[in-house]
Amino acid sequence: GAGVSQSPSNKVTEKGKDVELRCDPISGHTALYWYRQSLGQGLEFLIYFQGNSAPDKSGLPSDRFSAERTGGSVSTLTIQRTQQEDSAVYLCASSLANRGLMNTEAFFGQGTRLTVV
Amino acid sequence: QQQVKQSPQSLIVQKGGISIINCAYENTAFDYFPWYQQFPGKGPALLIAIRPDVSEKKEGRFTISFNKSAKQFSLHIMDSQPGDSATYFCAAVGGDDKIIFGKGTRLHILP
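Sequences listed follow chains W and F, in order. In terms of my numbering, the first sequence has 39 at position 39, counting the first letter as 1, and numbering is strictly consecutive. In terms of my numbering, the second sequence has 29 at position 29, counting the first letter as 1, and numbering is strictly consecutive.
Among the hints, erroneous ones may be present.
[As the list claims (entries may be wrong)] Below, in silico cross-link-like pairs of lysine-lysine (PhoX-like), each with a Cα-Cα straight-line distance of 20 angstroms or less:
1) Lys42(F) <-> Lys57(F)
2) Lys5(F) <-> Lys103(F)
3) Lys42(F) <-> Lys11(W)
4) Lys68(F) <-> Lys58(F)
5) Lys42(F) <-> Lys58(F)
6) Lys57(W) <-> Lys68(F)
Everything labelled a hint here was simulated from the structure, so no lab data went into it.
Using the sequences plus the hints, can you model the full thing?
Rendered as structure tokens:
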């Protein structure tokens, strides 16, 4: 596809269950970001993948959160033992992130709305 | 530690007026400052961006003013229109290409 694709678009889960959120970045984009947006709130940084470098996990709120990026493309964000405070929209973005370029625009997907009941 | 501070949290402007959103940063290693626009139910999209070697960048009705010494930058929307009603995020990017966003400003333009 032409843009960043996230699935599912909506997910309702019971407290304590594990969930997996998927992100398909734009082909050729080396950088991939995950952010969390709570209702009416800003974009909270979670994790950042850049090429073959070790991911920057500094934004993950707890050890229940993890993410991987396979083959430098698709990424999965996993939340274990979900809690009600995990309810939010999870946004994925990708970019070329080439320091030689003047524009390091990040392209966002439409997000996955997670509701923990 | 909030690396990018954005204000105001919400803003109401009359149609035709000027909307102004302000941001301040702390890390002098940041070297790219984009603004993103988000409509309800959509992901943010790049609106306009600036690098610190210039003090101003204008694209149509949107202008970024940048003050390197004060570590501040602002977005000005001239002749604001109802279609500009959205949430606006300033951001800062450093050498590691990690994008740090402000908390956003919900802008409402009165028709």
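The hints, checked one at a time:
With a CA separation close to 26 angstroms, the supplied pair Lys42(F) and Lys57(F) exceeds the 20 angstroms bound. For the given pair, Lys5(F) sits about 7 angstroms from Lys103(F) by alpha-carbon distance, which is consistent with the 20 angstroms threshold. Under the criterion of a C-alpha separation no larger than 20 angstroms, the hint pairing Lys42(F) with Lys11(W) is consistent with the structure, at around 16 angstroms. About 17 angstroms separates the Cα atoms of Lys68(F) and Lys58(F), which keeps this hinted pair within 20 angstroms; it holds.
In summary, the hint linking Lys42(F) to Lys58(F) is not supported, as the alpha carbons are separated by about 25 angstroms, beyond the 20 angstroms threshold. Using a Cα cut-off of 20 angstroms, the hinted pair Lys57(W) and Lys68(F) is violated, with the two alpha carbons roughly 29 angstroms apart.
Violated hints, listed in ascending order, are 1, 5, 6; each of the other numbered hints is respected by the structure.
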